[in-house]
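Protein chains: 2
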Amino acid sequence: MELKTLIRDVPDFPKKGIIFKDICPLLQNHTAFSQAVDQFARRFEGSGVDVIVGIESRGFIFGAALAYKMGAAFVPVRKVGKLPSEVIQESYALEYGNGTVEMHRDAIVSGQRVLLVDDLLATGGTMSAAVNLVKRLGGHVVGAAFLVELTFLDGRKALPGQDVVSLIQY
Amino acid sequence: MELKTLIRDVPDFPKKGIIFKDICPLLQNHTAFSQAVDQFARRFEGSGVDVIVGIESRGFIFGAALAYKMGAAFVPVRKVGKLPSEVIQESYALEYGNGTVEMHRDAIVSGQRVLLVDDLLATGGTMSAAVNLVKRLGGHVVGAAFLVELTFLDGRKALPGQDVVSLIQY
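Each protein sequence line maps, in turn, to chains A and B.
Each residue of the first sequence is one higher than the last, beginning at 1 in this note's numbering.
Each residue of the second sequence is one higher than the last, beginning at 1 in this note's numbering.
Some hints here could point you the wrong way.
Just so you know, same-sequence chains aren't split out, so a pair can sit in one copy or run between any two.
Derived pair list, reagent style SDA-like, types lysine to any residue, alpha-carbon separation capped at 25 angstroms [what the hints assert, rightly or not]: (1) Lys-82 <-> Ile-7; (2) Lys-79 <-> Leu-6; (3) Lys-15 <-> Gln-89; (4) Lys-79 <-> His-30; (5) Lys-21 <-> Leu-137; (6) Lys-4 <-> Gly-125; (7) Lys-135 <-> Asn-29; (8) Lys-82 <-> Asp-9.
If you are wondering where the hints come from, they were derived from the structure by calculation, not from laboratory data.
Construct the complete structure from the given sequences, taking the supplied hints into account.
Now the structure itself:
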């Protein structure tokens, strides 16, 4: 199945002039959803992944399914104020201003092998911040996996030295 | 493994006087996470589930893993303004004011068998609204599954006639 045919372009979302890549049609197709998870799993088979980090909130969808498939733990990276216990933070640049993401301070044990997952690679700012959170806790970053990559935004440049994988490219 | 031992009480979150049930320690334990997903799957084995609906955003974690395990589609229910395409809405009462959740209008095909998933059953308001969204699209609700149920809040009363399942009770 050609996964790309199940990504829907939604014009002017979240604001005028932006064409949003909607992954919902892919999620609604159980064959495509399984196939995407299996492709990620095959790509990182034998990498000894202990922990999948999923980035709020669409990253939770592929991250959690992949954690189940690979027999790994699941750790969420969330926006500010959503995680209840003690956190560490990283900020990153947005088009206007800054974004901040958080992870529980006890989420990762030093030395664990960590694969990060999100739905979309755009400029790479959020993923880069999430990678820093993992490293600050002593985690070893095995790679960063995305369903969709907008190659014209050069997000890989924000993730130097990382094994970046995407299943669908624009 | 006793899943309940991996739920962490966080006092005064999100506000003073509330003891938050934090599921993160359970997610961080890959054996417990797999076990929880497998328990849900066994409970609804043979129910012919076509679609798992996960409620933003912790419901995405167990919902997506369960969709993968059961070979079902995944559909997100989200807060207002997050879904890009045409949506239907349901509102529900909160302690102060109202909450509203949305689902894509094309998310479910009439006649599909749907299992709804969230992390926590409290008063049942959000889940009841999500059940209504599914029914409005012609879906047949097979059940509502929660990792944790706060039985003293009587959330099941908000879900009359539904097959409500929880893995951990307080």
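Pop the pair Lys-82 and Ile-7 into one bin, within, between, both or neither, using alpha-carbon distances up to 25 angstroms. between (29 angstroms within a copy, 16 angstroms between copies)
Can you give me the call for Lys-79 and Leu-6, within, between, both or neither, at a CA distance of at most 25 angstroms? between (28 angstroms within a copy, 23 angstroms between copies)
Classify it for me, Lys-21 with Leu-137: is the Cα-Cα distance of at most 25 angstroms met within a copy, between copies, both or neither? This pair counts as between: shortest inter-copy Cα distance 24 angstroms, intra-copy 32 angstroms.
My question is about Lys-79 and His-30: at a cut-off of 25 angstroms on alpha-carbon distance, are they close within one copy, between copies, both, or neither? Classified as between: cross-chain Cα gap 23 angstroms, same-chain 29 angstroms, threshold 25 angstroms.
State whether the alpha carbon distance between Lys-4 and Gly-125 is at most 25 angstroms within one copy, between copies, both, or neither. within (24 angstroms within a copy, 36 angstroms between copies)
Please sort Lys-135 with Asn-29 into within, between, both or neither, judging by C-alpha distance up to 25 angstroms. So Lys-135 and Asn-29 pass the 25 angstroms test across copies only (20 angstroms; inside, 35 angstroms).
Tell me, please, which holds for Lys-15 and Gln-89 at an alpha-carbon limit of 25 angstroms: within, between, both or neither? between (27 angstroms within a copy, 20 angstroms between copies)
Alpha-carbon proximity between Lys-82 and Asp-9, which holds within one copy, between copies, both or neither at 25 angstroms: between (30 angstroms within a copy, 15 angstroms between copies)
No hint from the list above goes unmet by this structure.
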